[in-house]
Amino acid sequence: MAEQWNFKEMRFIMQLRKLCENVEYTIVQGELDVRAEDIIYDSRKVVPGSVFVCLVGAVTDGHKYIADAVEKGASAIVVERTEDLKDVPKAITVIQVKSSRKALAYMAAAYFDYPARKLTTIGLTGTKGKTTITYIIKDVIEQAGRKAGLIGTIATVIGDQIIPAKNTTPESYEIHKSMAEMVEAGCQYMVMEVSSQGLKLDRTAGIIFDYGVFTNLSPDHIGPAEHEDFEEYLSCKSMLFRQCDTGIINIDDKYAEQILQRHTCSVVTFSAEKEADLKAYDIKFLNEDGRLGMSFKTSGLMNCQAKIHIPGKFSVYNALTTMAVCSKLGISDESILAGLEDVQVKGRVEMIPVSKDFSVIIDYAHNEVSTRSVLETLLQYKPTRLIAVYGCGGNRSKVRRYDIGEVTGQLADLSILTSDNPRFEKVSDINNDIKEGLARSSGKYIEIEDRKEAIAYAITNAQPGDMIIMLGKGHEDYVEIEGVKYHFSEHEAIREIVSEIRTGKRQMKNAVRLI
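Here this note's numbering is used: the first residue of the sequence shown is 541, the next is one more, and so on.
Quick caveat, the hints were computed from the structure, so don't treat them as lab data.
Listed below are the simulated DSBU-like cross-link pairs for lysine-lysine, each with C-alpha atoms no more than 30 angstroms apart in a straight line:
no.: 1; residue 1: 896; residue 2: 837
no.: 2; residue 1: 1049; residue 2: 896
no.: 3; residue 1: 630; residue 2: 558
no.: 4; residue 1: 814; residue 2: 922
no.: 5; residue 1: 922; residue 2: 896
no.: 6; residue 1: 824; residue 2: 886
no.: 7; residue 1: 886; residue 2: 984
no.: 8; residue 1: 668; residue 2: 975
Here the structure is a predicted model, which means the values were calculated and not measured.
Could you put together the complete structure from these sequences and hints?
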């Protein structure tokens, strides 16, 4: 049977034999010359003629649902073990593999006709900064007149299509489907966040990235459902550099050498502290009429003066990563520098233009580590006052609330406690927990449960030189209350507040100017 590709429905129809051309398997029963309408790993989505792959996960096991897949008309079953096959009719092909996750990855690549080979692929791994850097790289590529798709924590982006993300690194089938759609949409590049879980669970198996990027590493994602210890976390991160052609490495990170152990790629380095293929120096903090950022010079791959309007020294590293990648892609220095100066990433230390007299920033920080990081970053710009507007998520750890309260009490001049995603808890109960943390550091606070009104209070009471940081929501455009998600966007709320001030519906308390 010849392969058929239906781009409108994004479906291949082919033989199982073709799907398995790079898979190590044993035929348990049946034959490989059977029709494969699709590859399915969720038994609820099985359609007649599809191949059902039994994934083994932390919560469930696909082998339990073989009978369901058979009943719905699966033409073939891919298993890791054979004891669950007693009721499978002999007419249905069964193949056994060592790892069904790895098999799914290789089969998905074949099913979508190896789209990674048709794109220049850039994969980023690290603990912090992946989301921001992927968006910056994508923006710079596109401002240079080229077309790029993106797969990451916030969403998968294919042209004008934005698909909200469920995992930082999706299952392999979704990765290859998205890349095939990128190819069809005319993309030349794909930029992707590659999580340690994605590497551990073989979601990127079989992809040889053109460029693998390491940002930084610190203890995270360690627990029963993720990594058993830091050593495993580091080991999983390092896998990327055995499945890429060129590794682009932040050598200022203390784990850089360990990340590169057993690497098989050529290596390009960047640094703000030591000699490297791309080095930043003469680093300065910028505050241009309330617009915060960094300026610096570089030597090596690029010899220039650079500027980025995202505050904090980590933005220098984000810029260096982008510069190293994009210069290797053959993008001109002028295009890279212009792209860096204009870039903003939604909800990641995002500057919102409200006034030249004070700064308004939205950030996704919602734990103690990220909150401390963003507040310490802003304090380096010596604000008149640092005002934090935030709440905490309901039905989540109370310790997180205590810790966020304590760190904001230490670093912010004023906390405005409000709602986040209260879920099935009362906002007042959540904020009472935050206040216990604030008490540890004698932090000043007020409470305004309505988040828009809390933001309005901060803006209408702003003084020259203030910095107002909204924490926790970032790119999110909803609030979750008792199992229901209601639309709420801080970006929209700020625009509405500014409009209300201009039309006299709200009054500014101090002599500051709006843009």
